[in-house]
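Student: The lines below spell out each chain.
Protein chains: 2
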Amino acid sequence: MDPKEFRRIGHETVERIAQFYEQLAAQGLEQSDGTSGSTSSLGVPAPIPRIPVLSQVQPGYLATLIPSEAPETPEPWSAISSDIEQKIMPGITHWQSPNFFAFFPSNSSFPGILGEMYSAMFNSIGFNWQTSPAYTELEQIMCNWLAKAIGLGDAFLSSSTSSLTDGRPQLGGGIIQGSASEAIVVAIIAARQKMIDALKTDETDDAAMAVAGKLIAYGSTQTHSATKKGAMIAGVRFRALEVDPVTFSLHGETVTAAIQEDLANGLIPFYITATIGTTSSGAVDDIPGIVQAASEYNVWVNVDAAWAGSALVCAEYRHLLAGVDGVDSFSFNMHKWMLTNFDCSPMWVKNRKYLTNALSISPAFLRNAASSSGLITDYRDWQLPLGRRFRSLKIWFVVRTYGLEGIRAHIRKHIQQCIIFENHLLARPNLYKIVTQRSLALITFSIVPPSESKWSANDLTNAVCDAINADGEILVTHTVLNGVDVIRFVPGGTLTTDAHIVGACRVFDRVTAHVLSQ
Amino acid sequence: MDPKEFRRIGHETVERIAQFYEQLAAQGLEQSDGTSGSTSSLGVPAPIPRIPVLSQVQPGYLATLIPSEAPETPEPWSAISSDIEQKIMPGITHWQSPNFFAFFPSNSSFPGILGEMYSAMFNSIGFNWQTSPAYTELEQIMCNWLAKAIGLGDAFLSSSTSSLTDGRPQLGGGIIQGSASEAIVVAIIAARQKMIDALKTDETDDAAMAVAGKLIAYGSTQTHSATKKGAMIAGVRFRALEVDPVTFSLHGETVTAAIQEDLANGLIPFYITATIGTTSSGAVDDIPGIVQAASEYNVWVNVDAAWAGSALVCAEYRHLLAGVDGVDSFSFNMHKWMLTNFDCSPMWVKNRKYLTNALSISPAFLRNAASSSGLITDYRDWQLPLGRRFRSLKIWFVVRTYGLEGIRAHIRKHIQQCIIFENHLLARPNLYKIVTQRSLALITFSIVPPSESKWSANDLTNAVCDAINADGEILVTHTVLNGVDVIRFVPGGTLTTDAHIVGACRVFDRVTAHVLSQ
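Respectively, the protein sequence lines represent chains L and F. Using the working numbering, the first residue of the first sequence is number 17, and each one after it goes up by one. Using the working numbering, the first residue of the second sequence is number 17, and each one after it goes up by one.
Warning: the hint list may mix true and false statements.
Given that identical chains are not distinguished, each listed pair holds provided it fits within a single copy or across any two copies.
Stated by the list, open to error - Derived lysine-lysine pairs resembling PhoX-like cross-links, with alpha carbons at most 25 Å apart:
(1) K244 x K210
(2) K20 x K429
(3) K103 x K449
(4) K449 x K20
Honestly, the hints are just simulated from the structure, not real lab data.
Using the sequences plus the hints, can you model the full thing?
Tutor: Structure (structure tokens):
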């Protein structure tokens with residue numbers, strides 16, 4: 017493919033991307049008469065095809081459509097682009113649909129897409145400073161921008177590299193990890209090395225293993241599974257602590273009790289994930305209490321604010337950061353709720369040396385004058401893989417295009433939308449029961465079985481959830497809280513308007529009535 | 017940014033990408049008179065600016081050019097695009113330059129870029145089958161395409177999901193990891209769990225830790241640092257075994273001796289990385305011998321063919337796969353030498369259950385009917401992070417656009433280019449000494465000090481390497497082999513033509529003469 021052909025196909029692709037988002041924006045504005053029509057962005061009924069949020073294909077669908085061996089000779093782009101529409105599109109679950117209310121949002125935006133295009137253009141592998149200084153330096157500056165924008169303390173900022181020439185040591189700093197899972201693994205590994213270094217009796221592997229074999233990491237029963245998986249990856253013990261049965265948040269006293277119990281049993285507590293905005297219900301752990309409990313025993317506290325972290329750009333939610341000054345590391349996913357295409361998980365640490373102590377390896381072929389001087393940051397020593405993409409570009413594009421004001425408006429819009437939905441539930445107490453109070457833009461609820469109905473609340477809630485997702489108009493996720501089956505509702509799509517929320521309310525009313533009528 | 021504005025800026029960006037590659041393609045065709053002019057792709061001298069391969073900025077350059085806080089209000093795209101050119105471009109080390117001969121190549125291509133554009137458009141998070149069936153199924157099919165294209169045995173293929181309805185179990189299969197480093201960590205973790213399960217005396221954490229504390233992973237002194245780092249991440253011991261002093265490859269007998277020695281010392285060998293194409297010199301380990309040594313002790317063999325794996329599309333290099341039928345896992349980086357933008361590291365295993373045993377977690381909020389049925393693959397259980405991008409699209413676009421024939425021509429071109437360079441070295445034995453024989457498209461050499469010169473060979477080689485990289489015309493990497501400092505030369509750029517190799521030869525001659533004249 018030469019530049020001329022790329023120009024033609026590239027322009028075609030830009031058109032397709034714009035159309036894709038126009039079609040999604042016009043999706044599923046369910047009519048007040050209960051039919052599932054669609055309306056164009058101009059408000060005029062238009063023949064826009066209905067795109068189910070949840071892919072409707074069956075397992076194995078694609079193997080019947082695509083050859084089982086690679087072609088020997090080149091194929092024209094027209095064959096490929098036709099296959100995208102005919103074979104790939106039906107197998108997409110549309111996270112960008114304005115009617116996607118499942119899991120957590122996965123914000124795309126046009127400046128985010130442009131960031132991916134420029135990143136693909138450069139296609140350098142910025143594993144150390146020299147392999148593309150702009151990769152490292154823009155990432156440092158963007159992490160500082162974000163840290164300030166969400167109110168993280170100065171301790172998490174990296175000093176500018178230029179200021180280093182006066183010999184001031186850099187302690188804290190930020191990096192963009194690929195995902196919250198990777199941020200958690202990195203924190204666990206840094207914490208493990210810190211504790212091993214503190215307790216080992218000599219420099220042998222045996223001494224290190226004697227400590228490692230006793231280490232235990234904590235989360236709560238509501239902590240994202242990434243912490244348990246992170247402990248599995250690191251090969252350390254893991255314990256899920258009980259949460260408050262009403263708020264589903266983890267208390268400091270629970271942590272203290274667990275630490276004391278495990279110490280008494282000969283184990284070594286070394287790490288805990290505290291969550292701002294749990295996956296199931298958006299609960300916020302008692303971070304001041306956890307920090308107090310952990311600091312007494314030198315336990316590393318990592319805050320996972322994967323989803324809720326974006327809301328911290330708004331001053332009215334800044335109180336959620338209480339206690340964060342005392343934690344060791346913090347991360348959130350810009351790719352969830354801050355208009356930035358996946359993947360983009362900024363992570364900050366208060367002391368970078370614990371990352372590099374745990375993850376740095378410098379063989380001869382990766383050494384160079386700039387790295388050895390200590391003047392620069394080599395991000396390969398802050399993360400699991402060696403190679404890295406130019407992820408900071410999309411942060412730069414998104415934040416400048418929207419401005420912090422625009423990002424705050426985006427967050428507030430979705431929280432307001434969740435309030436619209438909450439009010440719909442509250443107005444129908446015979447139909448819906450709120451199980452956990454709204455946390456930012458997340459609310460959980462169950463369906464109330466009519467009196468003398470054959471249904472249990474759990475079964476009915478699950479049946480309605482399944483019927484709604486099979487219907488394809490909207491998508492939501494199910495979870496279980498203390499034995500209670502609930503539906504999670506989380507508006508957050510870039511394209512989601514208030515009208516889509518009103519439509520979603522109608523879908524719930526309609527499908528619930530339908531399930532009950534069967 | 018609305019669709020209309022995205023169209024305008026998107027088209028502008030497509031133009032910029034096309035220009036970027038046109039400008040790079042015309043770079044550094046050094047004139048035969050030794051001046052560093054440039055020539056357009058039409059062969060007509062054109063005023064194309066010289067773009068140094070190695071970024072010429074100083075540490076901290078960007079902090080002086082960019083505000084230290086995010087903007088409150090939106091900025092126009094014109095300000096952003098101007099900043100890309102003025103502030104970012106100088107900080108790029110141009111891995112896409114045809115004169116990049118350092119590290120290993122990082123192949124970009126236009127279909128690869130289109131793959132990133134479509135992936136950014138969908139922006140779904142395909143962590144399990146249901147969250148976008150096309151993500152999972154295209155990835156399975158692409159891994160099968162590639163496995164067949166490079167000659168991996170049937171044991172590494174995944175059966176199509178549709179064929180599963182007859183109850184045939186799926187054993188092997190492929191996944192696209194983000195990087196070879198991640199593939200190695202995943203293999204280490206799977207191998208660790210397999211050995212723990214085999215040896216633990218009961219189901220307690222204590223029993224598992226008793227085994228884990230004795231585990232030792234192997235690589236050679238030439239294995240990529242990702243294996244040592246992988247062992248650090250997994251928290252297991254690591255030992256680098258000695259290689260053949262001439263070929264730099266690891267022998268089976270060395271592995272047997274190490275296993276027996278470590279067993280005698282109470283350790284438990286469980287994992288080894290065998291390399292096809294080491295980073296320093298392109299050495300190929302004795303895989304049949306290593307497999308024989310390892311299989312006797314139930315040690316997991318993982319083949320890292322990160323760079324050289326791409327060459328296996330050519331029948332004439334298929335002999336490098338000897339013994340691979342007996343290994344447990346295999347990976348290579350399409351993003352190095354197979355025209356596919358970073359990141360794209362296909363990995364295959366012979367028994368998928370060892371991955372899922374080590375990495376699977378299924379909390380309620382991630383459960384769904386399709387996953388529970390066992391009919392489908394949930395790739396989150398085959399990798400470190402939860403979320404994943406739609407990486408298989410770019411494989412599909414690249415392989416169909418070039419065809420296997422086109423990909424083979426790409427590989428053969430670079431090997432032929434390395435032969436041109438090798439012949440240049442061979443013709444000047446008083447100036448250059450080949451240290452390791454050419455392996456595919458990689459050769460290492462040192463500079464020969466003139467008799468009665470003040471230079472040692474090592475110092476002179478390093479001085480020439482530094483001077484060449486500072487010059488900016490081409491970029492190469494230095495390494496050390498058995499105490500001998502060498503320059504690695506690896507043609508592999510998508511845009512690299514034979515003329516660029518001839519130009520590189522002239523640069524070496526010119527800079528060496530200059531260094532010697534000082």
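Student: Take the hints in turn and mark each one as holding or not.
Tutor: Hints, verified against the model:
no.: 1; hint: K244 x K210; verdict: both (19 Å within a copy, 19 Å between copies)
no.: 2; hint: K20 x K429; verdict: between (43 Å within a copy, 23 Å between copies)
no.: 3; hint: K103 x K449; verdict: neither (41 Å within a copy, 54 Å between copies)
no.: 4; hint: K449 x K20; verdict: neither (59 Å within a copy, 43 Å between copies)
In terms of the numbered hints stated before, the structure departs from hints 3 and 4, listed from lowest to highest.
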